[in-house]
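Student: Here is what each chain is made of, one letter per residue.
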Amino acid sequence: SQTIHQWPATLVQPVGSPLSLECTVEGTSNPNLYWYRQAAGRGLQLLFYSVGIGQISSEVPQNLSASRPQDRQFILSSKKLLLSDSGFYLCAWGPPLAADTQYFGPGTRLTVL
Amino acid sequence: RKEVEQDPGPFNVPEGATVAFNCTYSNSASQSFFWYRQDCRKEPKLLMSVYSSGNEDGRFTAQLNRASQYISLLIRDSKLSDSATYLCVVTPGAGSYQLTFGKGTKLSVIP
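Listed in order, the protein sequences are those of chains Z and R. 10 is the number that our numbering gives to position 10 of the first sequence; each next residue is one higher, with no gaps. Start counting at 1 in the second sequence, then tack on 113, and there's your number in our numbering.
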């Protein structure tokens, strides 16, 4: 069966510090991968998605970036965090031919102080 | 108009009650529709897909009205374990990788 992992589970970072969140998927090949953010009082917002190694599509311009160095690894990064980057970051995976099927990881709760 | 709108609640209902959630979406070209459930401080999990013909899964019934761009979720015989936030989710169109989420409706089932 497929499993998705995210770490860290929680993170407290100062403004201006860098960020690296990691997501890995097991039990599937060539998955679609997604990064979402859920800010307090707001719905989930798609940040990036990837349909293959090295392929990244950005949905929202901001100071975040994503990379997919391996088939089942998806990384979310920032060089300098802003207060507004605080939120619940969720990675999701989906089968390669089913764009509307997505399964979420446990998430990383980020607080920027 | 927001892409996906839901009543934020909270809905506080006693055990055994029937509760209905509504959702409207703005993009008439939307192709796929879902209800997700999100427990407090946890990830969303797919509850059920929504089809024009309606679909039922145990105590849960989902309906889609494309003409009115309206989706509903009915929960019968509410359990304490049903307490969660219910998210209405829509895909913009064929081949789109973006799921558009509503902000969710919070349900609290009270003993």
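Worth flagging that the hints you see were computed from the coordinates, not collected in a lab. Accuracy of the hints is not assured; some may be wrong.
Distance condition first, Cα-Cα at most 25 Å in a straight line; then the derived SDA-like pairs of lysine to any residue [to be verified]:
1) Z:K80 - Z:V60
2) R:K158 - R:E116
3) R:K216 - Z:R72
4) R:K219 - Z:A39
5) R:K155 - Z:R42
6) R:K216 - Z:E59
Student: Within 25 Å, alpha carbon to alpha carbon, are K216 of chain R and R72 of chain Z?
Tutor: Violated, because 29 Å separates the two Cα atoms, which is more than 25 Å.
Student: K219 of chain R and A39 of chain Z were given as a pair; does the straight-line alpha-carbon distance stay at or below 25 Å?
Tutor: holds (16 Å)
Student: So if I understand the rule, the pair passes when the alpha-carbon distance is 25 Å or less; does K216 of chain R with E59 of chain Z pass?
Tutor: holds (18 Å)
Student: Is the Cα-Cα distance between K155 of chain R and R42 of chain Z 25 Å or less?
Tutor: holds (15 Å)
Student: Straight-line Cα separation of K158 of chain R and E116 of chain R no greater than 25 Å?
Tutor: Distance of about 21 Å is within 25 Å: holds.
Student: For the pair we were handed, K80 of chain Z and V60 of chain Z, check the Cα-Cα distance against 25 Å.
Tutor: holds (17 Å)
The structure is inconsistent with hint 3 alone, although it conforms to all the rest.
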